[in-house]
Amino acid sequence: MIQFKNVTKRYDKNTVALNDVNIDIDKGEFVFVVGSSGAGKSTFLKLMMREEVPSSGTIVIDGVNLNKIKKRNIPKLRRKLGVVFQDFRLIPTMTVFDNVAFAMRVIGTKEKKIRRRVPYLLSLMGLSEKSRNYPRELSGGEQQRVALARALANDAEIIIADEPTGNVDPQMSYEIVDLLMRLNEAGTTVIMVTHEHSLVRCFDKRVVILDRGSVVSDGELNTLEQATSHINPASEIASDYSKGAEDYSVYSRAPESADNMAEEVTEVVFEGGFDTPAEEGSEIVDISSGAQDGGENVD
Amino acid sequence: MTKLRYLTKEGFRSLRVNKLMTVASITVLFSCLLLVGVAFMLLVNIESFIGNIEQENVIMVYAKTDISAYDYFRMGAQISAIDYVEQAEAVEKGPAYEKILSEMDDTMRGYLESLNENPLPDAYRVTVSDMTHFNEVADKVKTLENVLRVHENSSLARQLSAVRNAVQYISLGIIALLLIVSLFIISNTIKITMFSRRLEISIMKSVGATNSFIRWPFMVEGMIIGIIAGILATGAVWGLYELVMSRFSYVFNTFGEIQLVDFITYAPYLAAIFILVGLFTGLFGSSTSIRKYLKERKFVEIDD
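Protein chains in written order, with the working numbering: chain A, 1 to 299; chain B, 1 to 304.
Hints listed in this document are in silico derivations from the structure and should not be mistaken for laboratory results.
The beta carbon of each residue, even a glycine, is placed where N, CA and C say it ideally should be.
Please note that a few of the clues may not be correct.
Claimed, not checked - Sample of chain A residues facing chain B (criterion: CB under 10 Å; computed from the structure):
id, residue
1, G38
2, V53
3, K76
4, R89
5, L90
6, M94
7, R132
8, R150
9, A153
10, G219
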């Protein structure tokens, strides 16, 4: 689904943001991309979004070589990607409904479909009651869920989350990742960039560690410490995992409960994808029920 | 069609939502157009004033006294056939003499009447359509048959022609300068608007909106701003002009018979120019300002 082959990105002679990066991400995978500030995480995302082009190497997304993509096809590529930003990037002058609908309107979706799909997405995120509110009236967690609904609006095959938990409290952080997990269980490929090692530890998923532009580790969480123990400063990152686990220890029960919830709801909500008659006909189950409980007025 | 409706609606919505920038853009454009309008009306009036003076600057062509009525008539036709002659008005000696007599005091009139003869020759009063060719016309008239004498004031004609040209160049220069300044200010205002809306643009790009889809609402916005500013500026120039005409008419009368031109005659041209300038400024200002936000990078492999 996503391939980085020997990708190097230089902004100028002295600034190497990514250095000979090789990453393969399969369809339906959930990958954390972890690294401290300046590690090259943002460049990694910008390259995927085709906001930047590599200085050398090849990037292929869903069979499309981004080096050779024609300008007119870039919007089509971006429609496959749903992006969630750390700062939410909601339009303050639009209501929650319009913020989500905006993503559909600007690609020319018919109003009839928008009127059907947006309430559905908001209900998935537990935000049905807030559809007429403006972003300033929402908590950080709620705003991030609106951003997530917007990312899903156009049936994105890949969700790219750029530090989605950066502006929310630890409990909400966990719940946002949990939401992403559920989307992943429904078949969406999810790439989450974060510097919060401790949060990553709560979820048993593939972790790519970037350090100074290079991939220093790529694998399951349980092999991470071993893989990075001999690399400095990557070893510091690895040790952060041990320390960080304590921050989230209060939620140690959460993954288990999340799994239970997923079993309950995925069949109802995600079966057949997001854009099926199930949207209108079936009873909508709020997959963010956990998030909503903890998300009220947290900020 | 649905798309077009949405995009146009979105343009109007943006105007409403970004009230402050809308008002700022309209005000800037309006001010510039107002200045252009004032300069334009000034030019039109000076042109008209000079035109009136030119009408007064004529060539008097006196015919020989012994020519027949037919020759006099033929002479008129020959004068009219000369290039740049607007009119050759016959001034027959009879009525001309009567007019002179009526304007004289009794002593002078008595003296002239005692002569029992009209000393005036028949004449033609020739007006020239383009004052730059005044001398040329006068020279050609002098060569005609049966011409006794030609009376003309070529130095005044030359001065008027020079003044007219200077006024034209200066006014057009001022208008052009104002338009360039307007474009500069407007493009900066639009750039500020774009900067304040970069979040929207970045979201549009990230969700896969095409460049034309992103551009259109901004262009609609620019066009609406331009049209509103154009209409307001036309109205303001009109109001200002009428005010000047009614309040300061005595000033113009002091300087003689200065007749200001009627605004209505020029209103359709001014309105059309203003709306077109506003429309295109808004349109091109928006589309050029947004360009940098829509630029996509090209892949160029850099060798080590």
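Evaluated hints:
A hinted interface residue such as A/G38 counts as satisfied when its beta carbon comes closer than 10 Å to some beta carbon of chain B; here the least separation is about 21 Å, so the hint is violated. A distance limit of 10 Å between C-beta atoms decides the matter here; for A/V53 the minimum to chain B is near 4 Å, and the interface restraint holds. Hint status for A/K76 relative to chain B: holds, with the closest Cβ pair at about 7 Å, below 10 Å. Taking 10 Å as the C-beta contact cut-off toward chain B, the hint placing A/R89 at the interface holds, the least distance being around 6 Å.
A distance limit of 10 Å between C-beta atoms decides the matter here; for A/L90 the minimum to chain B is near 9 Å, and the interface restraint holds. Interface restraint check: A/M94 against chain B, minimum CB-CB distance 8 Å, threshold 10 Å, status holds. Here the hint on A/R132 is broken, as its CB sits about 16 Å from the closest CB of chain B, past 10 Å. With a least beta-carbon distance of about 7 Å to chain B, the hint placing A/R150 at the interface is held under the 10 Å criterion.
Because the closest C-beta pair between A/A153 and chain B is about 7 Å apart, less than 10 Å, the hint holds. Look at A/G219: its Cβ only gets to about 30 Å from chain B, farther than 10 Å, so that hint breaks.
In the structure shown, a violation is registered for the earlier hints numbered 1, 7, 10, in ascending order.
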